[in-house]
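Colleague: Dock chains B, C and D against chain A, hints included.
Protein chains: 4
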Amino acid sequence: MLKLSRLVPSVSTSRDSLLRHSPAFSTSTNKYAAKGYSSNRIFAPYSVYKGKAAFSLSPILPTFTKLDSGAVVVDRRGSMMMVFMHAIGERKYDWENKQRFALSATEIGSLISMGPQDSCEFFHDPSMLSSNAGQVRKSLSIKPHANSNGYFISLNVVNNLLNTKDFLSVPVTTAEFAVMKTACSFALPHIMGWDHMTHQSGGTVGLKSKVEQPALDLEWDK
Amino acid sequence: MLKLSRLVPSVSTSRDSLLRHSPAFSTSTNKYAAKGYSSNRIFAPYSVYKGKAAFSLSPILPTFTKLDSGAVVVDRRGSMMMVFMHAIGERKYDWENKQRFALSATEIGSLISMGPQDSCEFFHDPSMLSSNAGQVRKSLSIKPHANSNGYFISLNVVNNLLNTKDFLSVPVTTAEFAVMKTACSFALPHIMGWDHMTHQSGGTVGLKSKVEQPALDLEWDK
Amino acid sequence: MLKLSRLVPSVSTSRDSLLRHSPAFSTSTNKYAAKGYSSNRIFAPYSVYKGKAAFSLSPILPTFTKLDSGAVVVDRRGSMMMVFMHAIGERKYDWENKQRFALSATEIGSLISMGPQDSCEFFHDPSMLSSNAGQVRKSLSIKPHANSNGYFISLNVVNNLLNTKDFLSVPVTTAEFAVMKTACSFALPHIMGWDHMTHQSGGTVGLKSKVEQPALDLEWDK
Amino acid sequence: MLKLSRLVPSVSTSRDSLLRHSPAFSTSTNKYAAKGYSSNRIFAPYSVYKGKAAFSLSPILPTFTKLDSGAVVVDRRGSMMMVFMHAIGERKYDWENKQRFALSATEIGSLISMGPQDSCEFFHDPSMLSSNAGQVRKSLSIKPHANSNGYFISLNVVNNLLNTKDFLSVPVTTAEFAVMKTACSFALPHIMGWDHMTHQSGGTVGLKSKVEQPALDLEWDK
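Chains A, B, C and D supply the protein sequences, listed in that same order.
Taken in order, the first sequence gives residues 80 to 301; the numbers are from our numbering.
Taken in order, the second sequence gives residues 80 to 301; the numbers are from our numbering.
Taken in order, the third sequence gives residues 80 to 301; the numbers are from our numbering.
Taken in order, the fourth sequence gives residues 80 to 301; the numbers are from our numbering.
Zero decoy hints are in this set.
Remember, identical chains collapse to one label, so a pair may be satisfied in a single copy or spanning two.
Dumping the calculated DSSO-like pairs for lysine-lysine here, alpha-carbon to alpha-carbon at most 30 angstroms:
1. K145 / K129
2. K260 / K222
3. K129 / K222
4. K177 / K129
5. K129 / K171
6. K145 / K177
7. K222 / K171
8. K260 / K171
9. K260 / K177
10. K171 / K145
11. K260 / K131
12. K145 / K260
13. K260 / K129
14. K244 / K222
Note that these hints are calculated values from the structure, not bench results.
Only chain A is shown next, with the shape it has when bound in the complex:
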């Protein structure tokens, strides 16, 4: 049951429940391993599988680097990675052709502050600042259903290099969006690296925070 629960880490309806026992996924472990996920990577995405497409949501943590000064700074920012797949049959999804969209901290801020009537759209250019700038354009939109009972989450990718266009759209229920909001709110401080700046992440640290904090004095000294 490993491979199945991996494919459907979150199940909300009988239909999905059926899904998690579907032989359709029987070979996915191999596929999965074939993707060459790095050793010790923990994989627990929140996935929403619908009729025409599916997406999964996973936090990507920032990485840190130590400067000569000894200060430790964010090297690569974290994000919330969304991976979209087309359906290629009943409860079959095209794992070979995924589309990715990495939400920044502020884009996550947009998502978690959305009301039932709100919509938002984000634009990314993966080739930004390279000679290919503008050749690949991605946009992610979140639009409320007419009855404001949930949203459509849609990814549009125009790739002028490969001369391809791709569009994936997944309807999410209010409940599924509530999970996304709660999970993103939980993950946001970690994506920002703030858990490293709290006692929480320094569970083994003594009572003195491991960080010297001249800040208050700095304000007073101004």
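Modeller: Frame of chain A; chains B, C and D shown alone:
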């Protein structure tokens, strides 16, 4: 006082306060031990005891498995377990005949996004995909009080194998539901296994997250 | 500065800022030590000091006990302890005569779910079920200001044993109440002991949760 | 890419995305190191860079001291440090002349409880109670945009000692403010030192909390 506080881990009213000292529970430790809870299981449910029935709420964590690739994936998803008991006397509850209902991540999303007027209902078939599919049907409903001051949380179980029907309903106050929402919001990322994907759960990890994260590059490389 | 910041762990206004440097508190460390706080107790209450009275808010964690079965259960439930003091002069408070009120998980649920117009009141009998039942009555009320810009938090204690009555009332701003709500929401799962049931509290635990979880199966097996 | 991601740990728009690759920052690592950040300080601020000015937001943890009684108390309270810089060219900011403002727990409470129409203002006197009291006055204001789509966050500093005045104002979007609210809500309990009073911060602690808790008894004993 152990057995009593275990039986009523949360107390909100004088009535409940009385309850927690009631001799009615004096033998429950034995019953409890007799249930054969596995060694080292930590048991701290949030329980709501009312006149005709009671329920308790406890998070069930996911389990993980390591693939040949070294990737660690969710083996069994977590859930929020609700256990219902009938009252069998004044402040006595039938521990021998419990009914269980395990809320999935998305069902928890429904619960935590409910407004004072909202209601929801979930359907489970424990025998799903077995030869007994459809023989046991469980439904959990959460319906607001007429004055929208709290909810009725009701479990309906129809078991055609044992030819039994069972119905348990527990009224919860706005305050009790607020505890459920806050506790479920806290537990949801853990049920999803996301705490394993954050620095928080890797308190002893170095500054580099233990997870390689090619994700951003993957988006850019697309 | 130790004693001062301890007395006023949170400061929001110039007036309070002045307070934290007031010689009025110069002897409080002695008083404090004299209270005989147990060794290694970490003391970081959120305090609100106003003209006629003050209160502080601190989480009290549950304690656990191991049963013969190996199961670990809550021994004494956690709470949110409120300690009230009368003002006995300009920025002087009567540390010798405190009144305490321990909010249960569900009472915390009431507090964190209050809207700007809402009010609530809790009743405790410290002598409950003893021969002195009813002799001491405590009630805590939270009532919105007329302009719904903050609340009055008032403790009323009637002690028929000592034949005393005591009433303390502290006005809190919307900002101070927001801190209380956020801090109580953070503390609630810990007060309930749920952090022990999550990977978070088992930072050093392996990938398998240390808790066996037959729960899902139990639902299916029903 | 280190220096860039450090300078712009959060990116929300193409414009900002461009920013993070700007050679304008190429020398900032040196500047940064030159600031003499203490060894092992982890630096992961949330920064908002706009046309005329920028600010960054970072939690400052409290420090603790052990009393003779063995009790551990807050020595210096935590805060949320805001650092403002003027723009001195296209995507260039004046790191040599920063203005700081440290939000207290209650000021954070104001920020996280703000509705789209609300505004607030805080006043600090860094020289308070010194002979220079009143010579330096700082005020931070948060005012909603006319269309209530975001806020202006402005710092005003009047320094009569240096006979200088400084004013910095940064417009923030609803999404950026949502990140600030979520991050501040996450950080608040840590700024208050409450993570030290929960099992969470004592991940390696046994089942008995390391804190003796006579509190409930104290209420009952009253």
